[in-house]
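Number of protein chains: 2
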Amino acid sequence: MRLLHEAPLDPRSRFVRMILAEKKLTFDLREERAWERDPEFLTLNPAGETPVLREAGVMAIPGATVIAEYLEETVPEPNLLGSDVTGRVEVRRLLGWFLDKFSREVTEALREEQFLKRVIHNKPPESRILRAAKANLSYHLDYVGWLAEHRKWLGGDVISLADLAAAAQISVLDYLGVVEWQNAGEAKEWYAKMKSRPCMQGLLAERITRLSPPAHYANPDF
Amino acid sequence: MRLLHEAPLDPRSRFVRMILAEKKLTFDLREERAWERDPEFLTLNPAGETPVLREAGVMAIPGATVIAEYLEETVPEPNLLGSDVTGRVEVRRLLGWFLDKFSREVTEALREEQFLKRVIHNKPPESRILRAAKANLSYHLDYVGWLAEHRKWLGGDVISLADLAAAAQISVLDYLGVVEWQNAGEAKEWYAKMKSRPCMQGLLAERITRLSPPAHYANPDF
Chain A
1 MRLLHEAPLD PRSRFVRMIL AEKKLTFDLR EERAWERDPE FLTLNPAGET
51 PVLREAGVMA IPGATVIAEY LEETVPEPNL LGSDVTGRVE VRRLLGWFLD
101 KFSREVTEAL REEQFLKRVI HNKPPESRIL RAAKANLSYH LDYVGWLAEH
151 RKWLGGDVIS LADLAAAAQI SVLDYLGVVE WQNAGEAKEW YAKMKSRPCM
201 QGLLAERITR LSPPAHYANP DF
Chain B
1001 MRLLHEAPLD PRSRFVRMIL AEKKLTFDLR EERAWERDPE FLTLNPAGET
1051 PVLREAGVMA IPGATVIAEY LEETVPEPNL LGSDVTGRVE VRRLLGWFLD
1101 KFSREVTEAL REEQFLKRVI HNKPPESRIL RAAKANLSYH LDYVGWLAEH
1151 RKWLGGDVIS LADLAAAAQI SVLDYLGVVE WQNAGEAKEW YAKMKSRPCM
1201 QGLLAERITR LSPPAHYANP DF
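Quick note, the sequences are listed as chains A and B, same order.
Counting in our numbering, the first sequence runs without a single skipped number right up to 222 at its last residue.
Counting in our numbering, the second sequence runs without a single skipped number right up to 1222 at its last residue.
For reference, chain A alone in the conformation it holds in the complex (with noise of 0.2 Å):
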């Protein structure tokens, strides 16, 4: 049995179950407070971070990018990167784009200060972040909305990691309730679609102790 050590609302996690029910494969599911910095944790990922990957008889599987292109290699059917070469030089792109750089601008921040500090350790969050990272967010959704309304998935013709690295990312951000969905356009009725797709139920279901989400976040209509 495959089991991926996990922490909540941390998009890198979604993007990685995502690809796993997308390829109908079955998964148990350990949280890991990357926070506390678990030894045994480290030792199956000396980066600290998650997502890491477990199968029977393989080794530990550390980090999305290297999960995704693992899973691409052992499972391709149905294919998520692209195929052709150029094909998948975009979605790599866009998974550098929305992995590391919508991340890193938007999420890691909201993620830190909304969620982090403010239900796991009863900080204030501090709003001079919160107003960068909104900012951010206001042109990572326009680029968003841009890559629907030119093509048919974000990453091309097909549904690839490209939509589900995006989707990821907005449906931690939606829970936080810091999406103004009003101002979103093509990316509203992209993430629509997202949201009605399988892959998305069981992230959409669950719900964090203490933390509710906006009435809206798991209905796919909006």
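Hints may contain errors.
[Stated by the list, open to error] Distance windows between CB atoms, simulated:
1) A:W181 x B:G1177: 38 to 44 Å
2) B:Q1201 x A:A192: 51 to 57 Å
3) B:G1057 x A:E126: 48 to 54 Å
[Unchecked claim] Just a few of them, taken from the derived set where beta-carbon distance is under 7 Å, the chain B residues facing chain A:
4) I1061
5) G1063
6) E1069
7) E1073
8) V1075
9) G1087
10) V1089
11) R1092
12) K1152
Keep in mind the hints are simulated off the structure, nothing from the lab.
Every residue, glycine too, gets a C-beta built ideally from N, C-alpha and C.
Assemble chain B onto chain A, guided by the hints.
Frame of chain A, contents of chain B only:
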């Protein structure tokens, strides 16, 4: 002909140059000053970051990891990613470690303070940032040393993208004169071996205007 858009003392550009050289692919270089946000360059890579590789008849390939995966797919010999699934997991894990974590915790800060601020913009570096990045460097060099002690190359039995990514980071830091080699043990031996490889000769011969490296920089015997 291939054209690589790169930036001076950019570790990710250096990493791609080393891959191209290991695969015996010829290329021209174009220097981008990413801080000027040239609109034409932004159409090649919306993230505005070097490196970007262009090949006749192929779309622009932006980002070090995307380029590395692209070159492994299109020019598979010599194989730098690993010959089996578990080998590729480990090389990709280390790629993330060196290109993202090491770069973010060490190289970006030192390049910003000691090169971009001091040499390009004529501003004083910030000593608090320098101290933190140098402390991180010491911890990262220990990890390189640990890998070099337990394996023939950093990613396993053969040279891989992991060695190239690590050497690219370290070559930038060594140019800046911030590596304390007297404490570096196994990491120093491994880097001496890297400095002897043909793929590093072009880089080690290059000099930046108004900034000289230490005397040992290009010497494979230190």
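- [ ] Run the structure past the numbered hints and jot down the numbers of the failing ones, going up.
- [x] 1, 8, 9 and 12
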